[in-house]
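Protein chains in written order, with this note's numbering: chain A, 1 to 159; chain B, 1 to 192.
Hint data in this document are derived by calculation from the structure and do not stem from the laboratory.
Each residue gets a CB set at the ideal place from its N, CA and C atoms; glycine is no exception.
Take these hints with a grain of salt, some might be off.
[Unchecked claim] Below, simulated PhoX-like cross-link-like pairs (lysine-lysine); rule was C-alpha separation at most 20 Å, straight line:
# : chain 1 : residue 1 : chain 2 : residue 2
1 : B       : 157       : B       : 88
2 : A       : 155       : B       : 88
3 : A       : 145       : A       : 60
4 : A       : 70        : A       : 43
5 : A       : 145       : A       : 59
6 : B       : 180       : A       : 145
7 : B       : 84        : A       : 155
8 : A       : 56        : A       : 145
[To be verified] Just some of the chain A residues that point at chain B, by a computed CB distance under 8 Å:
#  : residue
9  : 28
10 : 35
11 : 51
12 : 123
13 : 125
[Claimed, not checked] Between beta-carbon pairs, the in silico distance windows are:
#  : chain 1 : residue 1 : chain 2 : residue 2 : range
14 : B       : 54        : A       : 82        : 34 to 44 Å
15 : A       : 79        : B       : 75        : 34 to 44 Å
16 : A       : 12        : B       : 4         : 27 to 37 Å
Okay, here's what each chain looks like letter by letter:
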Amino acid sequence: MSRFKKKKGNTSPGINTASLPDIVFMLLFFFMTTTTMKEVEMKVMIKSPEATEVTKLEKKSLVTYIYVGKPMRQYQSKFGTEPRIQLNDQFATVDDIQSYIVQERELMKESDRPLMQVSIKADYDCPMGVITDIKQALRRAQALKINYSSRATDKLAYN
Amino acid sequence: MAKREIPEINAGSMADIAFLLLIFFLMTTTMDTDTGLARTMPPPLPPQEDAPPPIRERNVFEVLINANNQLLVEKQPMALQNLKDAAKVFIENPANLATLPEREEIEVPFFGVYPVTTKAVISLQNDRGTQYQMYLAVQNELQAAYNELRDELARRKFNTSFNELSDEQQNAIRVIYPQKISEAEPRNVGGK
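Kindly produce the complete structure, drawing on both the sequences and the hints.
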């Protein structure tokens, strides 16, 4: 008599995992399509300021970015530690903004040009002097719709 | 005849590979939906144009920020916490005071004739040395004042929040509380 008789019918059948890859692939494709790879390499350090009354930037294709902040560590020997402007992949000065905006506007569809938005991504600690210069340059370039990029918080820390 | 069995490809590791890719995309993805405070700047002034007509003092809500991030509102120092309420009182002028902006009865869709402070302007001036976060905080508070007023009116009139109203209703409320934040040409007095 067999003492170790195989129990028949009592073992639960293993869960079929054949569809697991499908599910994971679905997730994968979701992330692949929604992901936005960083288009520019950041050369300035930006810690976003905070605000409560933020609105979302609607269409990415209408937005042009201007980055302002202290240069990263590896660029500090060359560009110093004062807040600098970054346009696309390189450091720039206020005088470059006007031609940059014109150039970006040329790349847009003609119907989209009046809707162009400029998002100013500046470090929270940067002095307003730089920002004001940028704003004046944008006004001269007729890019009047601007967006001060800021993180959404529930409550503002009053200092 | 012996039945030839085709060995099945073991697909057990497929999930692992897919997970690996998934995790890679999870890590590299930046889901930051860009948010921020939207503003429209005035077009540049033509150089030879005359100065704009002066605005009566009661219609201007003057906010100054100095290089030490201190606020001066209507010539009085003020803490940032109080700015929103002060701005709300200014925009609405509930008690119809002579020191606050004049109310004009105008025809507004949905509301009929409604007293609106059409000439009220918030004037914001900052120093070149003002910290960006402080400037944004002030902008934020002023925006909050408008948003709260609009939302309160929407709740009183339509019983829902401003964001849930139809476009026409939103525009009607925007007529009553137009957002007028003017920024003066920058000054440099802080010496930074």
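Verification of the hints:
The straight-line distance between the Cα atoms of residue 157 of chain B and residue 88 of chain B is roughly 18 Å, inside the 20 Å bound, and the hint therefore holds. For the given pair, residue 155 of chain A sits about 18 Å from residue 88 of chain B by alpha-carbon distance, which is consistent with the 20 Å threshold. Taken as a hint, the residue 145 of chain A and residue 60 of chain A pair is honoured in the structure, with Cα atoms around 14 Å apart against an allowance of 20 Å. About 9 Å separates the Cα atoms of residue 70 of chain A and residue 43 of chain A, which keeps this hinted pair within 20 Å; it holds.
Straight-line distance between C-alpha atoms of residue 145 of chain A and residue 59 of chain A comes to about 13 Å, which keeps the hinted pair within the 20 Å bound. Of the supplied pair hints, the one linking residue 180 of chain B and residue 145 of chain A holds, its CA atoms being roughly 15 Å apart against a limit of 20 Å. Distance hint between residue 84 of chain B and residue 155 of chain A is fulfilled; the C-alpha atoms sit about 13 Å from each other, no more than 20 Å. For a cut-off of 20 Å, the pair hint linking residue 56 of chain A to residue 145 of chain A stands: about 14 Å separates their Cα positions.
At a threshold of 8 Å, the smallest CB-CB gap from residue 28 of chain A to chain B is about 5 Å, leaving the interface hint in force. A least Cβ separation of about 4 Å between residue 35 of chain A and chain B falls short of the 8 Å threshold, and the interface hint therefore holds. Of the supplied interface hints, the one on residue 51 of chain A holds, with its beta-carbon coming within about 4 Å of a beta-carbon of chain B, less than 8 Å. Below 8 Å, beta-carbon pairs count as interface contacts, and residue 123 of chain A has one with chain B at about 7 Å; its hint therefore holds.
Checking residue 125 of chain A against chain B: minimum C-beta separation of about 6 Å stays under 8 Å; hint holds. Between residue 54 of chain B and residue 82 of chain A, the C-beta spacing of about 38 Å keeps the proposed range 34 to 44 Å intact. With their beta carbons about 41 Å apart, residue 79 of chain A and residue 75 of chain B fall inside the hinted range of 34 to 44 Å. Separated by about 32 Å at the C-beta atoms, residue 12 of chain A and residue 4 of chain B satisfy the suggested range of 27 to 37 Å.
Figure legend: structure checked against the earlier numbered hints; every hint is met.
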